[in-house]
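Student: Listed below are the residues making up each chain.
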Amino acid sequence: MAIKARAGWLKLDSFSSCKVILFLILISIHLCELNAWSPSAMHTNNWAILVCTSRFWFNYRHMANTLSLYRTVKRLGIPDDRIILMLADDMACNARNKYPAQVFNNENHRLNLYGDNVEVDYRGYEVTVENFLRVLTGRHETAVPRSKRLLSDEGSHILLYMTGHGGDEFLKFQDSEELQSHDLADAVKQMKQKRRFKELLIMVDTCQAATLFSQLHSPGVLAIGSSMKGENSYSHHLDSDVGVSVVDRFTFYTLAFFERLNMYNNASLSSLFNSYNPSLLMSTAYYRTDLYKRPLDKVPVTDFFGSVMETIHTDSAYRGFSVKGTDKAEIKAPLNLKASQAERRALSAYHQDQISDFNKEVCSFHCIWSTLHKTVVEKIEDADTFVNYGLVVIIPLVAASTWLWR
Amino acid sequence: MEKTRWFWVWVITSLFFRLVLIYFPENLNLGFRPEVATPLTSLRRLAEGYWLKQSSMSPYAGSMYHGSPMLLSILGPLTVKRIEGQPSHLMCSLLFVVADLVTAMLIRATGQTLQLAYSQSLRSLNLVSLLESSETLSAGDIAALVYLWNPLTIITCVGSSTSPIENLLIVLSLYGACLRIAPLAAFGWVLAMHLSLYPVILIIPVILLLGYGPDAPPRKLFLQKNSSENGNSPSCHGNYPCNEVTSQEKLPLHPFLWRPVMHFMLWASFWLFYVFVLCSISLKQHGGLLEMLKRTHGFILTMEDLSPNIGVLWYFFAEVFDFFRDFFLIVFHINILFMILPLAIRLKHRPCFLAFVYIAISSMLKSYPSVGDSALYLGILGLFINELAEMKFSFFLFCGYIGVSLLSPVMHNLWIWRGTGNANFYFATAIAYACLQIILVVESVGAMLNHDRMLRKNSTVKL
Chain H
1 MAIKARAGWL KLDSFSSCKV ILFLILISIH LCELNAWSPS AMHTNNWAIL
51 VCTSRFWFNY RHMANTLSLY RTVKRLGIPD DRIILMLADD MACNARNKYP
101 AQVFNNENHR LNLYGDNVEV DYRGYEVTVE NFLRVLTGRH ETAVPRSKRL
151 LSDEGSHILL YMTGHGGDEF LKFQDSEELQ SHDLADAVKQ MKQKRRFKEL
201 LIMVDTCQAA TLFSQLHSPG VLAIGSSMKG ENSYSHHLDS DVGVSVVDRF
251 TFYTLAFFER LNMYNNASLS SLFNSYNPSL LMSTAYYRTD LYKRPLDKVP
301 VTDFFGSVME TIHTDSAYRG FSVKGTDKAE IKAPLNLKAS QAERRALSAY
351 HQDQISDFNK EVCSFHCIWS TLHKTVVEKI EDADTFVNYG LVVIIPLVAA
401 STWLWR
Chain Y
1 MEKTRWFWVW VITSLFFRLV LIYFPENLNL GFRPEVATPL TSLRRLAEGY
51 WLKQSSMSPY AGSMYHGSPM LLSILGPLTV KRIEGQPSHL MCSLLFVVAD
101 LVTAMLIRAT GQTLQLAYSQ SLRSLNLVSL LESSETLSAG DIAALVYLWN
151 PLTIITCVGS STSPIENLLI VLSLYGACLR IAPLAAFGWV LAMHLSLYPV
201 ILIIPVILLL GYGPDAPPRK LFLQKNSSEN GNSPSCHGNY PCNEVTSQEK
251 LPLHPFLWRP VMHFMLWASF WLFYVFVLCS ISLKQHGGLL EMLKRTHGFI
301 LTMEDLSPNI GVLWYFFAEV FDFFRDFFLI VFHINILFMI LPLAIRLKHR
351 PCFLAFVYIA ISSMLKSYPS VGDSALYLGI LGLFINELAE MKFSFFLFCG
401 YIGVSLLSPV MHNLWIWRGT GNANFYFATA IAYACLQIIL VVESVGAMLN
451 HDRMLRKNST VKL
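For the record, the sequence lines run as chains H and Y.
With the numbering used here as the guide, the letters of the first sequence map in order to residues 1 to 406.
With the numbering used here as the guide, the letters of the second sequence map in order to residues 1 to 463.
These aren't lab readings, by the way, just hints derived from the structure by calculation.
Note that CB positions come from ideal geometry on N, CA and C, so glycine has one too.
Be a bit skeptical, because a hint or two may be false.
Some but not every residue of chain H turned toward chain Y, in silico, with C-beta under 8 Å [what the hints assert, rightly or not]: (1) Val-144; (2) Ala-383; (3) Phe-386; (4) Val-387; (5) Asn-388; (6) Gly-390; (7) Ser-401; (8) Trp-405.
Here are some, though not all, of the chain Y residues that point toward chain H, as calculated from beta-carbon distances under 10 Å [unchecked claim]: (9) Trp-271; (10) Leu-272; (11) Cys-279.
A few chain H positions that, by computed beta-carbon distances, are all more than 10 Å from chain Y [what the hints assert, rightly or not]: (12) Arg-123; (13) Thr-128; (14) Thr-137; (15) Ser-316; (16) Thr-402.
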């Protein structure tokens with residue numbers, strides 16, 4: 001009985017131990033997941049990359065789309081040095097533009113999008129797939145200026161808006177080349193590995209837009225497209241004065257949503273995404289949230305479309321970014337790498353010997369100085385306090401010598 | 001007693017005045033004026049260098065700070081410390097006020113020593129009547145008051161520039177040399193040379209002071225007196241020994257004593273070694289001693305920063321071709337070195353005055369002059385007020401200095417801020433200032449030599 005009971009207890013024990021082990025494994029997986037997902041960095045800055053990929057006069061509306069979004073994003077607080085604006089052609093100063101240096105996105109011509117502070121970073125033929133991918137991944141030639149680089153870090157939220165002509169899993173650049181969806185997915189994966197963003201919102205306004213981000217698999221990415229596979233995206237209306245369509249439907253309704261906002265509204269992304277009416281758009285605005293962990297109704301639109309930062313007011317002087325402690329750490333760290341340092345010391349001593357043998361007669365003072373330097377100085381770890389002590393010692397030294405001299 | 005009481009009243013009033021100016025709201029922006037703050041002496045640059053040092057970068061990065069690392073350790077923490085409700089750089093300004101006070105006291109002590117030596121030498125030349133006939137003012141007191149109340153000194157003290165410390169060190173070395181305290185003189189000279197390169201030429205007057213003693217009439221007078229005494233005493237005719245007679249009336253010949261000079265050299269090398277060791281430790285990770293020498297003394301000699309100042313070099317080097325740049329740098333610096341030897345030969349019996357002339361010349365022709373340098377030599381000029389009583393053009397110089405001090409900021413404003421003037425306006429005031437300094441040097445040397453001639457005439461007449 002006892003044995004049976006014990007065996008029974010053992011069995012139960014093994015079963016419960018299995019359960020415990022399984023439970024632990026599940027917990028660890030969950031924790032790993034959490035670790036992989038939990039953001040280690042704070043959201044510190046917002047970037048916007050606005051790309052218009054079409055050229056020619058009849059693609060006026062794509063330019064107007066991009067410039068409208070540029071205006072919105074600037075109005076809501078992102079400064080020019082955080083915006084990379086890529087326009088593939090010049091509509092404002094196009095020979096066919098009846099209103100030179102003016103770009104409108106509505107036939108009422110209420111807003112001139114090409115005001116006096118538009119900074120275009122990539123213009124004309126510079127808008128290529130290669131440059132676009134270089135901007136995303138940050139792999140530029142050394143001569144590329146900072147204004148053309150995406151200098152984001154692991155605390156950045158990036159808005160990537162692309163408009164132009166697209167199709168099933170591609171986006172057309174400049175009527176001569178394509179960006180494919182897996183290229184985009186690879187670039188985003190590189191960005192994630194290099195910690196170039198914390199969260200990324202991709203907004204695409206082309207035909208069959210949702211296919212462009214179908215291959216994405218990096219966490220922290222939210223994507224919305226103006227139409228699904230097999231659907232076209234349509235322009236909103238034709239401006240008979242300018243002669244071409246001036247805006248696309250998806251962007252028009254996006255702007256209608258944003259024109260109601262100012263910098264301090266905390267409208268959420270879910271309200272933006274739910275504002276798209278398929279019957280008005282004549283297509284289905286599709287968004288994927290499987291890679292994005294935050295619930296959309298908790299994310300304010302200004303996390304991507306604007307830049308509202310929390311400021312902390314402090315009275316103390318700016319202390320710089322390294323405190324004394326890190327200084328000490330820098331000095332102490334080499335001591336841990338004893339082997340390499342010993343090697344280095346041996347090498348330098350060897351060189352010193354060679355040099356000293358070579359000019360023994362000439363540089364006696366120099367040799368004395370260098371040996372003194374090696375022995376005395378390198379032993380001293382905390383240079384600053386030693387210098388302070390030395391300075392403090394000067395005054396009594398002078399006073400004593402003066403008094404004794406008399 | 002009355003005089004000393006009034007002296008101290010004036011001293012305390014000047015300190016009070018400085019404190020009032022420090023607490024005044026900073027409308028004057030003295031730290032931004034090129035006449036006051038040069039790339040070498042500006043306190044804002046020192047604060048920047050200190051911040052760079054605290055961020056574990058070399059303090060010389062970015063070509064902002066060009067001073068000594070020891071100044072960084074002393075003044076750096078003071079620039080950062082902020083007390084609620086007080087103006088910024090308060091602690092540094094208080095330190096400069098203290099430095100000014102100590103400088104004035106040292107000038108006074110030097111003046112007293114000089115005056116004592118002067119009256120002694122006059123007495124030994126039997127020119128006591130000269131002493132009593134002319135009303136000799138206490139040169140030390142007057143020089144100290146001139147230094148404290150000179151508007152240029154006050155502007156330098158209040159205007160966030162590190163010149164007061166350099167002036168203190170130069171005066172310290174002169175004081176030590178006058179009193180023949182070799183360690184003090186060596187300390188002052190080494191540190192003054194370390195902070196700004198030009199006091200290195202003061203080694204000659206310091207050595208002369210240590211060797212010969214304070215200013216005295218020319219040795220010829222003493223020799224003449226001795227020989228005439230020898231000639232007049234009857235017992236020296238023939239072969240009779242005349243030692244006992246002459247030994248009684250033998251005048252102090254001030255032979256050149258080598259011992260204090262040797263001690264000075266030893267102490268100078270000790271202090272130099274000390275300073276170099278401290279600096280190399282301080283800059284251990286950022287290039288060491290060579291980097292410091294390149295960035296401080298190299299910066300002074302190569303004139304890298306051409307921002308306008310009250311000197312004459314910036315205008316010239318803004319337009320000289322690169323091919324000739326080194327040549328003209330050598331020319332300008334040799335301009336100072338040329339005058340060292342002739343002046344030393346002519347004025348070796350008056351080393352303190354020689355120091356004044358050297359300071360005046362170097363502050364005129366140095367790479368980055370400021371009003372702090374002229375504050376120093378105008379203060380030291382007060383030490384010789386008895387000998388230079390008959391200096392010509394003194395009123396003209398006085399008005400000239402006032403005029404240049406007032407016009408120079410105006411021209412700078414016209415040029416930089418309003419855009420209605422150009423660099424020539426500002427350079428005109430710089431040239432006028434240089435001319436005034438030249439006239440001052442020439443006339444003061446002339447007046448001193450005239451004074452010596454007058455002494456010689458009087459002593460020979462006496463005989």
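Student: Min Cβ distance, Phe-386/H to chain Y: is it shorter than 8 Å?
Tutor: holds, 6 Å
Student: Do the numbers back the hint for Ser-401/H, that is, is its least Cβ distance to chain Y under 8 Å?
Tutor: holds, 4 Å
Student: Does Leu-272/Y pass the interface hint, meaning its C-beta sits closer than 10 Å to a C-beta of chain H?
Tutor: violated, 13 Å
Student: Does the nearest C-beta of chain Y fall within a distance shorter than 8 Å of the C-beta of Asn-388/H?
Tutor: Cβ of Asn-388/H sits 6 Å from chain Y, so the hint holds.
Student: Report holds or violated for the interface hint on Cys-279/Y, using the least CB-CB distance to chain H and a cut-off of 10 Å.
Tutor: For Cys-279/Y, the interface hint holds, since the closest Cβ of chain H sits about 8 Å away, which is under 10 Å.
Student: Return the status of the interface hint for Gly-390/H: holds when the least beta-carbon distance to chain Y is below 8 Å, violated otherwise.
Tutor: Holds, about 5 Å.
Student: Is the Cβ of Thr-128/H more than 10 Å away from each Cβ in chain Y?
Tutor: holds, 37 Å
Student: Does the nearest C-beta of chain H fall within a distance shorter than 10 Å of the C-beta of Trp-271/Y?
Tutor: holds, 9 Å
Student: Taking the minimum C-beta separation from Thr-402/H to chain Y, is that value above 10 Å?
Tutor: violated, 5 Å
Student: Let me know if the C-beta of Trp-405/H comes in closer than 8 Å to any C-beta of chain Y, holds or violated.
Tutor: Constraint on Trp-405/H satisfied, holds at 5 Å.
Student: Taking 8 Å as the limit, does the beta-carbon of Val-387/H come near enough to a beta-carbon in chain Y?
Tutor: holds, 5 Å
Student: Please settle this one: Ser-316/H was flagged as non-interface, so is its CB more than 10 Å from every CB on chain Y?
Tutor: violated, 8 Å
The structure is inconsistent with the numbered hints 1, 10, 15, 16, although it conforms to all the rest.
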